[in-house]
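K.L.:
Taken in sequence, the protein lines are chains Z and G. Using UniProt numbering, the first residue of the first sequence is number 1, and each one after it goes up by one. Using UniProt numbering, the first residue of the second sequence is number 1, and each one after it goes up by one.
No lab work stands behind these hints, which were simulated from the structure alone. What you were told as hints is all true, and nothing was included just to trick you.
The calculated label-pair distances, taken between Cβ atoms and stated as ranges, are: (1) Ile129/Z with Phe135/G: 44 to 52 Å; (2) Ala181/Z with Asp176/G: 25 to 33 Å; (3) Ser354/G with Gln100/Z: 53 to 61 Å; (4) Leu28/Z with Pro42/G: 52 to 60 Å; (5) Glu62/G with Phe101/Z: 21 to 29 Å; (6) Thr323/G with Phe101/Z: 48 to 56 Å; (7) Gly263/G with Arg184/Z: 49 to 57 Å.
Small disclaimer: the values here were computed from a predicted structure and weren't measured. Here a beta-carbon is modelled for each residue, glycine too, at the ideal position from N, C-alpha and C.
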Amino acid sequence: MASLDPQEKPLRPWALLSPALTAILLLLVIPVCFIAVYSFWLRTATGADIAGFHLDNWAEVLGDAFYRDILGFTIWIAFATTVICALVGYIPAYFIAMTQFRHKAYLLLLLMLPFWISYIIRTMSWINILGTSGVVNVGLQWLGLTDEPIQMLYNQWTVIIGLVHFLLPFMILNVYVSLYAIDRNLIDAARSLGSTPWQAFTEVTLPLSLPGLAAGSLLCFVLAAGTYITPLVLGGPTDAMFANLVFDAIITQLNWPLGSALSLVLLALLGVLVAVYNRFAGMGQIAKSFG
Amino acid sequence: MTEATTHAVTLQKVVKRYGDFTAVHQTDLGIEDGSFLTLLGPSGCGKTTTLRMIAGLTSITEGDILIKGTRVNDLPIHKRNLGIVFQNYALFPHKTVQENVAFGLKYRKVSADEARRRVGEALELVQLPQTADRFPSQLSGGQQQRIALARAIVIQPDVLLLDEPLSALDANLREDMRVELKRIQHSLGITTVFVTHDQSEALAMSDRIVVMSAGHVEQVGSPEEVYNRPSSEFVARFLGASNILEARIVSADRTGAKVETQGLGTFQAAIDQDETRRFAEGQKVKLSIRAEKLALTATGKGAAEVASGDAPDIARFDGRVTTVDYQGQVARYFLEAGGHQLQAINTIDEHPLSEGEAVSVGVRARDVVVLPQ
Ligand SMILES: Nc1ncnc2c1ncn2[C@@H]1O[C@H](COP(=O)(O)OP(=O)(O)OP(=O)(O)O)[C@@H](O)[C@H]1O
Ligand SMILES: [Mg+2]
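Excised from the complex, chain Z in its bound form (with noise of 0.2 Å):
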């Protein structure tokens, strides 16, 4: 019987968990370290990389003013697209949650529907509505409420526009895994000890519902500030994100090292601000959506 022997226990779940561990540590850790290494290299004029331990990337990254405000931008339309998904998401999940509707599989698989369109395509497809020769150009000249196309792509509002579309069904599925796990009967009391609908909603369902909220904003935070694809599409030249830096060193100029201290500058942030969520919520919360 060798697992009745004490010194075995403690190495069982390890040996369980090492095919993870073993994908966690090829796939990621060491590709980090590779990066982390690559960021201390530094690129010759000539076109040379020279291994070694040098700090010009990071006092370049860390000193220049030009990609702390990219960094802040970054932030802004991270945050705005997650409060925005916030608001607009919470909607359609609390509908489908308390829908008496019987085929509710139905309208989560709605949801997932989209994702079976490729990114790019979702987000060029903005062009159509809101370009020069879009619908809605189309429309409000048919209308004869402008004479002129109006130009409404290519600024900050465009990307964010496609990231929110991008984004809501990943806010949508947060919200909605917290909202249908709350018990109905907490809502029936609440009415019956004298809430209005309204004041039900905000004494309980909500604050139930924040950790579904919390963990969609999470989500959605950090793949909006992860994208690179979305500004270059419907973005103008002035709304760059961080990741189009790291793009742009790395396939662009060729300068791995740079690209290297970038992303790492851009995992920091967000490695600290999922740290702050584990903190408080923990990531259980985002295991259920996608359980």
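Given chain Z, put chain G with the ligands in place with the hints provided.
P.N.:
Frame of chain Z; chain G with the ligands shown alone:
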């Protein structure tokens, strides 16, 4: 109608349908002020639906519901001033016990001091004064149930509604809470509607019992009435262990009826005066006899000797014990008599009867209940 004014709750021709399905058929019911009324019936018979209609949590399809003489059909639940205790307690998990109990007072123009005092009193009443700062998750099931009760009564509701409040507790705790609940209800004199499918709960706690079956009210009466004078075969079978026999009326008058059974001879049966009209000579009926009302005597002692001591209203027939279910103080016997399978519950003096033993079975006229076919 002077009667209606003493009713805390009145149901008038109330019907509930879900699509084509009728969950509660036309029901008339008056609940006396300050009384403890139990809705009793098997699963799915419409007890919860009835309770939720009174609460305003479920709309009624037809009819009227009156609380304290006022029609409340269109009054939303938060204006009805009712205390509800749910089967799963339904305490707010994000609020402390104090906040839970004080919840209803927020909407009742009660000053902070007054609220604190009343919450303290309510916690005192349910014997949990030390728990105010805890969260529901830090309480046991029984404690949560008491807090749920405190939360419901602290608002001084017109009616207290309880939907199987004890069924989630384990057996011992359930009996304690039963006594406790009755004590609290009695001391507050609060009109209470209690839902259960547990007959012993209903019999122990109620002033009146409403026995329901498949959306119909089968019988309304005091525990004794419902238990001893069931008005239908369903009620007789649902409460306690009953023997149901087919029979035919030989004669019926004001003092009782004479009925003839197949295989067990003729019986005298007590019937209420106003029931005399219901039974005509030759009519087919059913007899209900409680298992504990069949008195078994071993025939070894001599049947004639046994019968000679009988009062004139006792009928006798012979039987044989087939199975003995020994329960300590009492034994449940299954017997074979005149081609019928019967059961009897008798107290044991010294030794229980043994399997295969021949017995003489005595039954008194007043324990034979005649039911319409
Ligand atoms: N929302 C609903 N839609 C359709 N049918 C319903 C609905 N609610 C209840 N019913 C049906 O109405 C009937 C009565 O239900 P109810 O909940 O009142 O039973 P109950 O007596 O409380 O049973 P239990 O002891 O199991 O709680 C059941 O057959 C149930 O299926
Ligand atoms: Mg029920």
